[in-house]
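Enquirer: Sequence:
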Amino acid sequence: MASPLLPRVRAPITHVIFDMDGLLLDTEPFYTLVQEKILARFGKTFDWSLKAQMMGKKAIESAQIFVRESGLDGLLTAEAFLEEREGMLQDLFPTCQLLPGEWLI
1 MASPLLPRVR APITHVIFDM DGLLLDTEPF YTLVQEKILA RFGKTFDWSL
51 KAQMMGKKAI ESAQIFVRES GLDGLLTAEA FLEEREGMLQ DLFPTCQLLP
101 GEWLI
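Residue numbers (the numbering used here): 1 to 105.
In case anyone wonders, no lab produced these hints; they're calculated from the structure. What you are looking at is a predicted structure, and each value in this text was computed from that prediction instead of being measured. Ideal Cβ positions, reconstructed from N, Cα and C, are used throughout, including at glycine. Treat the hints with caution; some may be incorrect.
[Said to hold, decoys possible] Between beta-carbon pairs, the in silico distance windows are:
| # | residue 1 | residue 2 | range |
| --- | --- | --- | --- |
| 1 | Ala11 | Ala40 | 31 to 39 Å |
| 2 | Val16 | Phe93 | 16 to 24 Å |
| 3 | Thr95 | Ala52 | 35 to 43 Å |
| 4 | Leu99 | Pro12 | 25 to 33 Å |
| 5 | Arg10 | Thr45 | 51 to 59 Å |
| 6 | Pro100 | Glu79 | 31 to 39 Å |
| 7 | Ile13 | Asp47 | 42 to 50 Å |
| 8 | Arg68 | Ala11 | 45 to 53 Å |
| 9 | Glu84 | Pro7 | 51 to 59 Å |
| 10 | Leu92 | Val9 | 23 to 31 Å |
| 11 | Ile13 | Thr77 | 40 to 48 Å |
| 12 | Ala52 | Glu86 | 29 to 37 Å |
| 13 | Thr14 | Asp91 | 54 to 62 Å |
Go ahead and model the full structure; you've got the sequences and the hints to work with.
Expert: Here it is as structure tokens:
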């Protein structure tokens with residue numbers, strides 16, 4: 001048992017990895033906004049059931065679901081959707097807010 005009077009010796013921390021997308025930065029509303037804008041161009045609306053199907057998937061899988069479930073096959077490819085979405089997101093990311101508690105890290 002370690003003595004409470006002696007400091008604990010730890011190896012120096014050499015690396016730290018954070019998943020900042022949605023963990024430290026509140027980016028989730030941006031994805032919804034961008035996907036709503038893309039669908040609006042085609043006269044369609046983005047709903048939460050579609051969002052639920054897309055969440056937690058790899059980007060290309062999510063994009064394929066977006067195109068298929070929105071009825072955009074032949075009008076928009078998954079790859080074109082990702083390219084357009086990424087450009088729009090990059091414009092929004094500088095305005096992103098930190099999530100509560102980020103200062104605790």
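Enquirer: When the structure is checked against the list of hints, which entries are broken? Sort them ascending.
Expert: 1, 3, 10, 12 and 13
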